[in-house]
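Student: Read top to bottom, the protein sequences are chains W and S.
With this note's numbering, the residue at position 48 of the first sequence is 48, and numbering never jumps.
With this note's numbering, the residue at position 324 of the second sequence is 324, and numbering never jumps.
Take these hints with a grain of salt, some might be off.
[Said to hold, decoys possible] Example chain W residues on the side facing chain S (calculated, C-beta under 10 Å, incomplete): (1) LEU201; (2) MET202; (3) ASN203; (4) THR206; (5) GLU208; (6) ASP219; (7) GLY220; (8) ASP222; (9) GLU223; (10) LEU308; (11) ILE310; (12) LEU314; (13) THR323; (14) PHE325; (15) PRO327.
[Stated by the list, open to error] So the derived label-pair ranges between C-beta atoms look like this: (16) S:ALA241 to W:VAL135: 48 to 54 Å; (17) W:LEU84 to S:VAL135: 52 to 58 Å; (18) W:PRO311 to S:LYS152: 38 to 44 Å.
I should point out that these hints are in silico values taken from the structure, not numbers from a laboratory.
The model shown is predicted, which means the values in this text are computed figures rather than measured ones.
Here a beta-carbon is modelled for each residue, glycine too, at the ideal position from N, C-alpha and C.
2 protein chains.
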Amino acid sequence: MNHMKDTSIAIIGTSLFSKAIAAEFASHGATVGMVADTCGQSTVQFDVEELDHRQTHTFLCTTDWSWISETTCVVTSLVGEELLAACRRMAPYMHEGQLLAVFPGYFMVEPITRILADAGKSSVLVCELTSSPVVCDALGDGTIHIHKRKNKLKIAGIDAAEGLQALNCLKDYLPMLALAKNAVETSLENINTILHPLPVLMNLATVEHAPQRFRHFIDGVDEHISHLMHLMDDERLAVGAALGLELDPVLSHLKSYYGDNDARTIYEYIHTPECPYDDIRGFGLASRYITLDVPGLIVPTTKLARSLNIPTPLHDACIALATPFLP
Amino acid sequence: MNHMKDTSIAIIGTSLFSKAIAAEFASHGATVGMVADTCGQSTVQFDVEELDHRQTHTFLCTTDWSWISETTCVVTSLVGEELLAACRRMAPYMHEGQLLAVFPGYFMVEPITRILADAGKSSVLVCELTSSPVVCDALGDGTIHIHKRKNKLKIAGIDAAEGLQALNCLKDYLPMLALAKNAVETSLENINTILHPLPVLMNLATVEHAPQRFRHFIDGVDEHISHLMHLMDDERLAVGAALGLELDPVLSHLKSYYGDNDARTIYEYIHTPECPYDDIRGFGLASRYITLDVPGLIVPTTKLARSLNIPTPLHDACIALATPFLP
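Chain W extracted, bound-state conformation:
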């Protein structure tokens, strides 16, 4: 692996978001390599298209996870059990002062920190970004199309000091990063908790009848469901406020992520040209909108709420309706 020795940032996985953030780092001057069991060849190549601009990226890629020991920073968009398994696998190769950055925020900084501590790697710095720095999708030919680059994205470590260290490591590559108080804040700001499970559950028969046809936002969010999403968002904001965190309402996130306009509700925003949600489909009970977002976001939020004596009836409703179908 000598040929990759100069690489300073390791991206774990070759998913859409892994490739997109690899391109983001490279465009800002970082040396990037990818680690994935599926790397059939020694390089990964793909085009990134943004506005009128198209660029071909080529990254070294290895199936040898020990290579991460030679990097200064490891970045992954893995989630859930897959993320924890990857952390257990990476732990032996990580070193003091190395940064492990995960996104999106799913309350994983604490369990990852425990995994590293159990492996004797307490000196690794763990941080979390609320979501992906770019809004993107994959075109048919594998080209990654960047819709928007978020203009503000929260980052945090397990506490303020570690968050600041992490920010200083990454801010040259991801200039939209803004320091959050802690990694509870970055996870509470993951608005998938509001956007994903409720519309699936409140359209259950229609979604399950034809998940590939059902457009999650266009078909699934009418004024009533939008109203419930705002009330559910108020519960999330109340949990944040009780923790002394200044969370942004879901509508502010949407406007910040995708473009500002005069929309007053989620429903209105969905039907503006700024919103890239027109053709989101394929997310039923068996999808990550339920299997990941209910246990990974809604359940931890209600546990925080319980400890703070904050009622979260709409979060609880999603848990009650989804739990019987969780694997």
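Guided by the hints, dock chain S onto chain W, whose structure is given.
Tutor: Just chain S now, with coordinates in the frame of chain W:
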């Protein structure tokens, strides 16, 4: 009002269910009169059709509520605030030993008993039937079509002794009546609590898009929603069991009300020939399926559950999702 002096049973209102139960009493030899502010004439006449049989019923009808003082029994299918208002209005005219029978069961025996006590009429006997003795609908020409006569229907007073007295008053006219322990049992057995709100809420965007087109059971209850309804029914049964009440599962009610078969789930039963639910439509957020059944059935059930420390997450979910839209 001398011409109505012989009448022993007063039916309040001239709704479909009022007329149907009036015909039921009359067919079993009772003398029946109707009381309604809308009585334009001194008689109400309508046909009742059942199998090949058709019979014309004519009942005396009055707008003078004081006439109920001359009857031995008052029967009403009014619900909610309308029922309580009617009880306040009737109280001055009611007398010792008179029976006030209400249906369907909406936890109203206690508040009605309080209204009568406040009016100095504690000696009036109040009882509740779980639901209508007959399954019926109104044909276009006003004819009442009787689909089925229930073969078992629970009746109760505020306690066992009053329930037995009420049963003895009514059993000659409504032979399907079976004594329940108390009026909590008759209300907990009202399966509208399981059948109505959940399918509306879990199809909210589709229902509200076109309430008149959406078939509540055929379009609204798939295997997933049926599964949730059974789990919600388990919560209801657990509340009953904790109160020492032997409640019947919702599927047993359906089979008893409409006809037995081999269906193992609500979903399966809906799609059998016995089930008369094919064309139930028009029930959205503004309908009694939500405005009556959530506050009138689900909320009281959860209050009982709270006092018994029984978790009712699916009842709670319905309350959380419906409450923002209640008037």
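Student: Each of the hints needs a verdict: does it hold here or not?
Tutor: Consistency of the hints with the structure:
1. Hint status for LEU201 of chain W relative to chain S: holds, with the closest Cβ pair at about 7 Å, below 10 Å.
2. Taking 10 Å as the C-beta contact cut-off toward chain S, the hint placing MET202 of chain W at the interface holds, the least distance being around 5 Å.
3. A cut of 10 Å between beta carbons decides the hint on ASN203 of chain W: the least distance to chain S is about 5 Å, and the hint holds.
4. Look at THR206 of chain W: its Cβ gets to within about 5 Å of chain S, closer than 10 Å, so that hint holds up.
5. Because the beta carbon of GLU208 of chain W sits about 6 Å from the nearest beta carbon in chain S, less than 10 Å, this interface hint is met.
6. Checking ASP219 of chain W against chain S: minimum C-beta separation of about 7 Å stays under 10 Å; hint holds.
7. With a least beta-carbon distance of about 6 Å to chain S, the hint placing GLY220 of chain W at the interface is held under the 10 Å criterion.
8. Nearest Cβ of chain S to the Cβ of ASP222 of chain W: about 4 Å, under the 10 Å cut. The hint holds.
9. Taken as an interface hint, GLU223 of chain W checks out: its beta carbon lies about 8 Å from the nearest beta carbon of chain S, inside 10 Å.
10. With 10 Å as the threshold, the beta carbon of LEU308 of chain W stays out of range of chain S, its nearest partner Cβ sitting at about 18 Å, so the hint is violated.
11. With 10 Å as the threshold, the beta carbon of ILE310 of chain W stays out of range of chain S, its nearest partner Cβ sitting at about 14 Å, so the hint is violated.
12. Taking 10 Å as the C-beta contact cut-off toward chain S, the hint placing LEU314 of chain W at the interface holds, the least distance being around 5 Å.
13. The restraint placing THR323 of chain W at the interface with chain S holds, with a minimum CB-CB distance near 8 Å, inside the 10 Å limit.
14. Given the 10 Å rule on beta carbons, the hint for PHE325 of chain W holds: about 7 Å separates it from the nearest Cβ of chain S.
15. Proximity of PRO327 of chain W to chain S is violated relative to the hint, the smallest CB-CB distance being about 15 Å (cut-off 10 Å).
16. For the pair ALA241 of chain S and VAL135 of chain W, the supplied restraint of 48 to 54 Å holds, since their beta-carbon distance comes to about 52 Å.
17. As the Cβ distance of LEU84 of chain W to VAL135 of chain S is approximately 55 Å, the hint placing it in 52 to 58 Å holds.
18. The hinted range of 38 to 44 Å is satisfied by PRO311 of chain W and LYS152 of chain S, whose Cβ atoms lie roughly 40 Å apart.
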